[in-house]
Structures are given as structure tokens and as C-alpha cells.
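Participant: Sequence:
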Amino acid sequence: MAHPTYTSAQLASLRELLKANNLSAFFIPTEDAHQSEYIADCDKRREFISGFTGSAGSAVVSMTEAALFTDGRYFLQASQQLDQNWLLMKQAEASGLKKTLPQGSSLVPVENLVDQVWGSKRPARPTNPVTIQETKYAGKSHTEKLSDLRNSLQEKGVYGTVVSALDEIAWLFNLRGSDIECNPVFFSYALVTKDTTTLYVDEAKLSPAVKQHLGSEIAVKPYEQVFEDLRQTRSALEAHKQKLLITPRTSLALQIAVGADNTEEGRSLITDAKAVKNQVELEGMRQCQLRDGAALIKYFAWLENQLKNGAKLSEVQATDKLEKFRKEQEDFVGLSFDTISSTGANGAIIHYKPEPETCKIIDINEIYLCDSGAQFKDGTTDTTRTYHFGTPTAYQKRCFTRVLQGHIAIDEAVFPNGVTGYLLDPWARKALWEDGLDFRHGTGHGVGAFLNVHEGPHGIGTRIAYNDTPLQAGMVVTNEPGYYEDGAFGIRIENILLVQEVKTPNNFGNRGYLGFEHVTLVPIGLNLIDRELLTPREKAWINRYHVKVAETIAPLLEDDDLALQWLKRETTAI
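Under the UniProt record's numbering, the first residue of the sequence shown carries the number 1, and numbering increases by one thereafter.
Please keep in mind that the hints were generated in silico from the structure rather than gathered at the bench. Quick reminder that beta carbons are idealized off the backbone N, C-alpha and C, glycines included.
Derived lysine-lysine pairs resembling BS3-like cross-links, with alpha carbons at most 30 Å apart:
no., residue 1, residue 2
1, LYS503, LYS140
2, LYS19, LYS121
3, LYS327, LYS312
4, LYS327, LYS205
5, LYS221, LYS145
6, LYS312, LYS397
7, LYS548, LYS430
8, LYS377, LYS324
9, LYS539, LYS397
10, LYS377, LYS205
11, LYS324, LYS308
12, LYS548, LYS568
If you anchor each label on the Cβ, the simulated ranges turn out as follows:
no., residue 1, residue 2, range
13, GLN84, GLU111, 27 to 33 Å
14, ALA124, GLU144, 33 to 39 Å
15, ASN22, THR127, 34 to 40 Å
16, GLN80, PRO222, 41 to 47 Å
17, ASP486, GLY509, 41 to 47 Å
18, GLN212, ASP468, 38 to 44 Å
19, THR127, GLU217, 23 to 29 Å
20, THR504, ALA239, 51 to 57 Å
Please build the complete structure, drawing on both the sequences and the hints.
Facilitator: Dropping the structure here:
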């Protein structure tokens, strides 16, 4: 169980600064200046001020109160980590902050007051080297991507665009980094106009090979220079009545630098292009899932064997072993997020991260949930499996089977072009709803190709924003329904899916139809299945899936008899 962090001292210091700056409150988002979901240690301001370590949520501190806003994935975790100074606001983070301000209030940009409280103890900004993502993995050169972007800018009738999302920059220039743990990105900005391309990055990060890769057509300037350069463009933009495209996630500081009247807000052209993978990227996603599947099967076989032989393994010790199996795989770069290794009640904390000082010993008599992923040069993985290495209860089996039925419903879905993940989401919940159960997270998120494990703009879930982006052939999305019972257990089954065209007997409206190809190949967990609940079609899906897992992964396990035998047992037909 997590313990609260005592925050009285830092809150007192922050309130002194509020008073000195004549401010009534201070807003502290989770994200960094690039609106990154996962952030470097130097940008974990909300965590520093509140003690809450979850990856989503915002804090507001006034002279008399401190409140943390987060969503349902983190209610339990936040309740354990916040001390008596904080109010936990159980609702999703507000969007459009300006619109939600009390009457008579205004949003004022100031120097970051949390940084001043943090002082010399704040970690330094990373300066890790940048690497090249070769075309054999990317499938398209960065010069082609820049040309496509300029064509799109011309179609929109804008002068250029400011790029601040780190994964967009990495994708656009076919570069990767390691400035943020588990995310192969580097701190940078980019300015792309109809005539010029400028990359703002610490030049010390760039090797001669990277500079040669970028070529003479791309100017390289210091990271912070972007603000001055944008100020310099204001007069030219105003004189010619032209605008720069920014997205709703562009920082206010960048918009102020160029002038709000000189910008046009719209969807990111790069995010939309990045979301639809080319054939090289799709094949890379298939291939890395095979190697990752082999590592996971070795791990689960090893873990079960250890537990049945009486070993006492902590949740963290288990994750260390899983990482070791992954490191043995070709083209492994690192993890794609902190592994969720959770036994019993810890599984109900949806984004639980085990810590050496507080984690549990894995209990063979409890459900074990493991959500993990890796970064490979040819793709990114994200897999969740829920197993019981002892004897599950009838209730646990019923809950697991309802989750599995939702997983199968999404996997088998066939739908016309134009359908969004928002519309598909109820398919994942129907079986759970029949038992009065549900889960407080999305059913699926986009996944990058050796990039961020969470990638927009598409997804499957109840977020209304998902209804703005129809699923398209070439997109990658997860399928991960679950169920979580506080104080007892958690269940989640997650595969990565590739959206693909599907041939149907008819083609109503001449729209064309889509479906999914599952590329994650790891056994489901036979002893948790209540077979009486399954339809013949669902049983057939499970058997087909397990045949594919066995036939595809077994050749990769020839050096591990324990894993081979476990795979054989766990893919037995039902």
C-alpha cells in the first residue's frame, strides 16, 4: 500500500510566493511544456508539490486550499498518496482552463513558482544523445515527411507550423532520444514553414552522423531560441497577413511569443499522419510482438514455477526478471512504461507501480496482473495478462470471463469506414454490464512505432474526443477491457491490434469495412475462464487464438523447455 507524502513545507513556501506575486491561486498540470504524458524528473512539478505519482491529473493551490483533480484510474492511488493538506476531486481533468475560471478571474502566465520552491533540489534537464531511426524501420525518409507536411500546410493556407510535441518531432525527423524514461524522444521544438525548417535542440546532443542525417536544409538552433525566433516572425506574419498553425496542446508561452492573432488553431497534421502506419512500420510491429511474446511466456512460466516451489518473490523482483528476459531479445532498447506487477489487492490500482520499500510478496493464492511493454527498434509493445497460479474462486472466474468476452467482442468487430473508437467502446463492456460490472478507463489507446506507448489522436473509449477521429486502416490500437475490485483484485486483458481492411459479403453504402488483426501472442489464462458463460463462437475464438500463439511462439522457445511446456499447457483447446 502506498503512503502519503507530507507536503506542508512546500505548500507553505508556494503560498508565500503567491502572496508576493499578488496571485490568488496557482495551477500545476502533470504535463511538461511539450504537453507530454510521461515526463522527465525535472518536470514532475505536480508530483513534487502533492506527492501523487500518477500519470494524469492537475493540482490547484490557493492561499487556503489545495486540490488534486484526477480520473477514475487513479482514485484509489491518490487517496493513499495525498496527505491531509489535499482535497481529492474525483472527476476528469478540466479542459479549456480559461473557460472554467471563476467570474472576474484571469489566467496569468508567470515564472514557474513550483520551480522556485523546488530550488536546487530540482533535477537537471537531461542531455542524452539523439540517434537516427533508420528508414529500414521508419519506412519513409524524413525529407519525404517534411515534403508531405509542407503540402498539407499549403492546402490549409497557412505559412507554417510550430511543432512542440516531442513524439511528433522525433517521428518527423526520423530521430529518437532518451530524455524521458521509457519514451524515445528528446527535448526540442521545430518550426516548419513553406520555405524553411528549423530544429531547436541542444546541439551537444547531435553526433556528426545525426547532423549529416539532417542535412544542410535543416537549420539547428538552441532549444530556447524558439521563443526569440517566433517573436522575430511576428512583423513578417502581420505584414503579409499569414498565420502559423498551432494545436490546442501548444503551450501558451509559444502562442504569446508569436502573437495570438498570428496563429490559427487546428488539429496536428503530424499526429494524424503518424497515426497511420506504413507497411514497414506495421511489419515491425508484428515482428517485435513475437519477440516480446517469447519473453513474456518465458517470464510467466518461470514465475509460476518459482511460486509453486515455494519461492518468495516481491512484485519488484518479478519485474526485474521480466526485464532480463526482454533484454535478451533482438533490437531491444528499453521498457515502454514502468511495469505494473501486482498481486491481489494491488491489481485494483489501475496504474500501480511497485516500489521496493512498499511492494508485496506475490501470493500464489491471489490473482496476479502484469501490464508491461518494451521499446524495440522496429516497434513498441504493450501487453497485459492476468493469471492465477493457484485456484481461483468462482466469482473471480466469472469476472475474468466477462472481461474476456468484452476483449473478444472488440477483437472480432467488423465496422464501416467512418466509425470511431467511441462508438465501438460499448462492445467491450456489454458482458460486464450484464453482471452490473464496469471499468474506469478507456478500452484502447493508439501505440507508436518505436515511439510513445500512448499515441493519439484515436482510441477506443468513452472520451468524446475519440469520436473526432474515425479508425483507419494502418492505425494501431490496444484492446484492454478490465475489472477492478478495491481491496481484492484487478483483471485486465490487453492485446495490440492493427486496423485493417476487411472483405465483407456486401458493401452497403460503398463505404468499405474494417476490422482488426491481433499481433500480441501470449496465452490468455485458462484456469480463470468460466466455460459455462462462453458461447460456441467465443470458445472457437479462444482456441484459434491459442493455436496461433503456440505455432508462432514455440520456435522462439527452443532454448527453454520450461517455457515450452508452459506454453503447451496454456494453449490446450477448451
